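Please model the entire structure based on the sequences and the hints provided.
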Amino acid sequence: MTRASLLEQIRRSNDRLGPHAVAIDAGRPTTIANDQGTEGALARFATASAVGLIAAFVFDGTGVEVVAYGPPEVDDAAIAADVAAMLRSVRPLEGDR
1 MTRASLLEQI
11 RRSNDRLGPH
21 AVAIDAGRPT
31 TIANDQGTEG
41 ALARFATASA
51 VGLIAAFVFD
61 GTGVEVVAYG
71 PPEVDDAAIA
81 ADVAAMLRSV
91 RPLEGDR
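Under the working numbering, think of the first position of the sequence shown as 1, with each following residue one higher.
In short, the hints are calculated from the structure, not lab data.
Given the structure is predicted, the values throughout are model-derived calculations rather than measurements.
For glycine and all other residues, C-beta sits at the position ideal for the given N, C-alpha and C.
Keep in mind that a hint or two might mislead.
As the list claims (entries may be wrong) - Distance ranges between label pairs, derived from CB positions:
| id | residue 1 | residue 2 | range |
| --- | --- | --- | --- |
| 1 | A78 | M1 | 29 to 37 Å |
| 2 | A80 | Q36 | 18 to 26 Å |
| 3 | N34 | D76 | 30 to 38 Å |
| 4 | E94 | A50 | 31 to 39 Å |
| 5 | A68 | E94 | 22 to 30 Å |
| 6 | H20 | D60 | 28 to 36 Å |
| 7 | A68 | G27 | 33 to 41 Å |
| 8 | E73 | Q9 | 27 to 35 Å |
| 9 | P19 | A85 | 30 to 38 Å |
| 10 | M1 | P72 | 26 to 34 Å |
| 11 | A50 | T2 | 25 to 33 Å |
| 12 | R16 | V64 | 31 to 39 Å |
| 13 | A4 | E94 | 25 to 33 Å |
Structure below.
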């Protein structure tokens, strides 16, 4: 499994929700990286009452989906640093899982 294939799987699962699906950007995802250098894929989404992003990381074959969202009137620039810090901190747990 790759980060791009995980994001595509998330998109397909979302599409099956019919009227409850969110509008995930269909374009090429943005590449992001955590503090350890593991790259992930990032896509934005929107609903009638929220906007947000979905990040997909793969650690040793295990897919991790991260979702951040809020009301449409939130200023992206005001929270961009906090969301970026959250995504950089995503990593597998050490020891027992």
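Here is how each hint holds up against the structure:
no., hint, in the structure
1, A78 x M1: 29 to 37 Å, "holds (34 Å)"
2, A80 x Q36: 18 to 26 Å, "holds (21 Å)"
3, N34 x D76: 30 to 38 Å, "violated (21 Å)"
4, E94 x A50: 31 to 39 Å, "holds (33 Å)"
5, A68 x E94: 22 to 30 Å, "holds (24 Å)"
6, H20 x D60: 28 to 36 Å, "holds (32 Å)"
7, A68 x G27: 33 to 41 Å, "violated (19 Å)"
8, E73 x Q9: 27 to 35 Å, "holds (31 Å)"
9, P19 x A85: 30 to 38 Å, "holds (34 Å)"
10, M1 x P72: 26 to 34 Å, "holds (32 Å)"
11, A50 x T2: 25 to 33 Å, "holds (27 Å)"
12, R16 x V64: 31 to 39 Å, "violated (21 Å)"
13, A4 x E94: 25 to 33 Å, "holds (26 Å)"
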